[in-house]
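Protein chains: 2
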Amino acid sequence: MPATPAYDSLCATYTRLHRFRHFQSLGMWDGAVNMPPGGNETRASALAELGLLVHGIETDPKVKDLIGAAEQEPLDEPGRANVREIRRSWQRANLLPSDLVQARTMATSRCEHAWREQRGKHDWKGFLPNLREVVALVRREARLLGEAQGLVPYDALMDRHEPGVRSADVERIFGDVKTWLPGFIRTAVERRKADPAPDARGPFPVERQRALGLAVMKLLGFDFERGRLDASTHPFCGGVPEDVRLTTRYDEGDFAASFMAVIHETGHARYEQNLPRDTVALPVGRARSAGIHESQSLSFEMQVARSPAFLRFIAPVIREHLGDQPALSADNLVRRYRRVQPDLIRVEADELCYPAHIILRFEIERALVDGAIEPEDIPALWDAKMREYLGLDTRGNYKDGCMQDIHWAIGLVGYFPSYTLGAMCAAQYFAAIRRAVPDLDARIGAGDLQPVFEWLRANIWRHGSRYETDELMRRATGEALNPAHFKAHLESRYLS
Amino acid sequence: MPATPAYDSLCATYTRLHRFRHFQSLGMWDGAVNMPPGGNETRASALAELGLLVHGIETDPKVKDLIGAAEQEPLDEPGRANVREIRRSWQRANLLPSDLVQARTMATSRCEHAWREQRGKHDWKGFLPNLREVVALVRREARLLGEAQGLVPYDALMDRHEPGVRSADVERIFGDVKTWLPGFIRTAVERRKADPAPDARGPFPVERQRALGLAVMKLLGFDFERGRLDASTHPFCGGVPEDVRLTTRYDEGDFAASFMAVIHETGHARYEQNLPRDTVALPVGRARSAGIHESQSLSFEMQVARSPAFLRFIAPVIREHLGDQPALSADNLVRRYRRVQPDLIRVEADELCYPAHIILRFEIERALVDGAIEPEDIPALWDAKMREYLGLDTRGNYKDGCMQDIHWAIGLVGYFPSYTLGAMCAAQYFAAIRRAVPDLDARIGAGDLQPVFEWLRANIWRHGSRYETDELMRRATGEALNPAHFKAHLESRYLS
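Those protein sequences? They're chains A and B, same order as listed.
Residue numbers for the first sequence follow the working numbering, so the first one is 1 and each next one is one higher.
Residue numbers for the second sequence follow the working numbering, so the first one is 1 and each next one is one higher.
Take the hints with a grain of salt, since some may be wrong.
[What the hints assert, rightly or not] Taking lysine to any residue and the SDA-like style, the derived pairs with C-alpha atoms no more than 25 Å apart in a straight line are: (1) LYS62(A) / VAL54(B); (2) LYS62(A) / ASP60(B); (3) LYS218(A) / ARG208(A); (4) LYS62(A) / ILE57(B).
[Stated by the list, open to error] If you want the ones that stay clear, here's a sample from chain B, every Cβ over 12 Å from chain A, calculated: (5) ARG19; (6) ASN40; (7) PRO74; (8) GLY164; (9) GLY175; (10) ALA211; (11) ASP243; (12) VAL280; (13) GLY371; (14) TYR467.
No lab work stands behind these hints, which were simulated from the structure alone.
Ideal placement from N, C-alpha and C gives every residue a C-beta, glycine not left out.
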């Protein structure tokens, strides 16, 4: 091996960062799972101090020089990919002036805090001035990031979550979806009317739900030697790849929420647990993008767990843990997970309606960043699009309308597309898996998920960020992201 | 206020250290309570990286200059106390050359690892070479620390846990105890023979034991807004003063172990939770010493919880949680906690025999550091002292003899005295509380512990490290540590 001193030094720096980020992850997980309320202030100070330290390491001018030098060193292909990802990571930390970062932190913290009160009161008027301030800073941020990277402003924001993916691609893909989705939804609602699927009736004691969750995690291959399951207000997958902490929330009246949350988060968790071990501390060893991460959770939740084959397999397991009742029959569960019902709330949307919520948000936030619309235009646009895509009236209902998500309040713009890109990737993976494993449904129906795990491991998990998203998809499935697979999946599940 | 730039800068540095130590505490607590085995390696790397960072801040030459400058600044008395404690903290981190620290880490890690195997096999022969290496390094360490601080070597080690306390004082105090303790033990064993006190019979489900533990923590004033109870292999009190994490371990056959562990750790926890809030991040705001810390846990466990008054009050609460049985009657519990039985194991010793275990260890480890004995002399000395103090034969039983504790294996020398100094301080506090509150037992018997909390808060907790131990004791109780109170307490509980 030729000497690569700059590269080696970069790797040492990013390994050090990984070790400090370990405590950021632990501090955040603990804050959501264990921390008593009185611990909040000191935890926040400790996390802020650690954040400063991490930022200081990331913005050390020596790192920039090292990146430039490493790019000239004789590296192999994974090494070059690592330097590419290190440059990306460095840019994210360095492209914005600290006064903007600080102003953004202040404005989003204020806006989020007020939003928590205002949302419940439909207080759009109170929310608007805060949102305007956040949008102004997000626009400035997008312009600066775009100029530095040669991207249009919205693309610069999206690039942080979906490196290499551009809004022109998203627009083309979503544009295709828009041509058929509203019709699909109407047809599916009609068809499913004839299929009543009552929900199971609780109470389902938390301990039994937890045991069921652990059983399904085991079935889904979660490695309990390197992770655990806990409860928190909002389910999430946290921790570090070497020790993945996933959470769910329990509602004694509704086992399904926790059950599907566990499955969804287990998809995220298995990606993290199976990232390449030898580069776990380095940017090239991290998950490819938000969308690819979501494609893992949706592979587990939408492609596997909501499939009739899996539901038939798992129904007796559910009954074993929660007791028998007609609503827990395999047939009823299959009907239950084919139910389609347009609803105001994104996070409660079914698989078919979900993309409509995303397309609406993508269209609005992109126009917002470009300056084509102003924050005060949002409610009318929201209502018009909800009517067009889902046939719902949202006038005056800010709480369940344009104030429902936390994203814009905290300045998180450019993230929404990842949810639906992930759903599409997952559908495309399964089209590929079915080509390779023609009896996939029979195997899933027998509880044998090895073909799925093997395919994801070989094609996605083990690569981390080695390939750009487009190349990753082509290598894995033989083609770039193609919404036809998603369409075919939805047709087969909801319109058959 | 006059300008004190050096002092202010020192406070900022130590506040920063406090924030990083937050993650050290969290990482260690999580490691004992939550972490799956596979997370160990990455946690160890992350803690090592954080340890390096903290050490780097502590040993920054600028800090030494700031301490010198702050000592010349016009500070008020708490400020001067803070600088004194900062200098202490700085010395602990700076007096040893890094090659010695590293050699010590290696040797103790090797010795501890081997000890875990060797202890169970009575393998003194295998243990001895490792222990010799550790002792050689501890001697070098003690000599260096002693020379730098003008202390004899053993005192320099003890000073890290009991600042300002000297082995001459300990020898005088323990010398007094030795004149009466062996006789007390023999008499008590005789007297108690007539008092059979059967143990309660399980199984006691973990959930009920936990509920009982939470109930007693509440009664003992634990602040659940700033702390929590969990389970771990060995009970401990961890976390940070703003968020105290205490643990216990559950044995379904023996509720008493967990019950008393919870009470003991709650004593530590209340000290931490009630340290002066305005200096929580600074050395002056920390607990005074290991012995004063132990005196809090022993105030709760020995002075309050094992008192007949408290046992009579708590017996119905125990029965409410664990069900009724004759062994849980108040009278039986009172007899149970007056039982005296010399035993080989320190951590299982009763209150009366415990000091004998400590005196033995103090005498041996001091001679070891001074070079008066060598590691190979330990077993014979151990046996002679166990016969003299407790009337027990330990020949050939290394596991339950001189290999029972982890302390020497990890190079922790100079710590043992703190356990018994703490027990003595606690007895002295309660003599003072009884003078101030003549009906103390009646109030404890009615479940009213406010007089205890108020006294400890006013005299110990709120002072942190503002006063040296000797002054703290004089201010609190009117005299320096005086083992007569401990003697009177033991007489009244075990010889009456």
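These are the hints, each one checked on the structure:
1. Our distance criterion of 25 Å between C-alpha atoms is met by LYS62(A) and VAL54(B), whose separation comes to about 22 Å.
2. For the proposed pair LYS62(A) and ASP60(B), the alpha carbon gap of about 21 Å is at most 25 Å, so the pair holds.
3. Proposed proximity of LYS218(A) and ARG208(A) is supported: the alpha carbons are some 15 Å apart, at most 25 Å.
4. Proximity of LYS62(A) to ILE57(B) is assessed by CA-CA distance (about 21 Å); at most 25 Å being required, the pair is judged to hold.
5. For ARG19(B), the requirement that its beta carbon stay farther than 12 Å from each beta carbon of chain A is not met, with the minimum near 4 Å.
6. A beta-carbon of chain A comes within 12 Å of the beta-carbon of ASN40(B); the shortest separation is about 9 Å.
7. The Cβ of PRO74(B) sits about 29 Å from the closest Cβ of chain A, beyond the 12 Å cut-off, so the non-interface label holds.
8. The beta carbon of GLY164(B) sits about 29 Å from the closest Cβ of chain A, which is more than 12 Å, so the claim that it is off the interface holds.
9. Distance check on GLY175(B): its Cβ is at least 44 Å (rounded) from any Cβ of chain A, clearing the 12 Å threshold; non-interface status holds.
10. The beta carbon of ALA211(B) sits about 15 Å from the closest Cβ of chain A, which is more than 12 Å, so the claim that it is off the interface holds.
11. For ASP243(B), the shortest C-beta to C-beta distance to chain A comes to about 3 Å, within the 12 Å cut-off, and the non-interface label is violated.
12. Listed as a non-interface residue, VAL280(B) fails to keep its Cβ farther than 12 Å from every Cβ of chain A; the least gap is roughly 8 Å.
13. Against chain A, the non-interface label of GLY371(B) holds: every CB pair exceeds 12 Å, the least being about 41 Å.
14. Every C-beta of chain A lies more than 12 Å from that of TYR467(B), the closest at about 25 Å, which supports listing it as non-interface.
Hint check: violations occur at hints 5, 6, 11 and 12; the rest are consistent with the structure.
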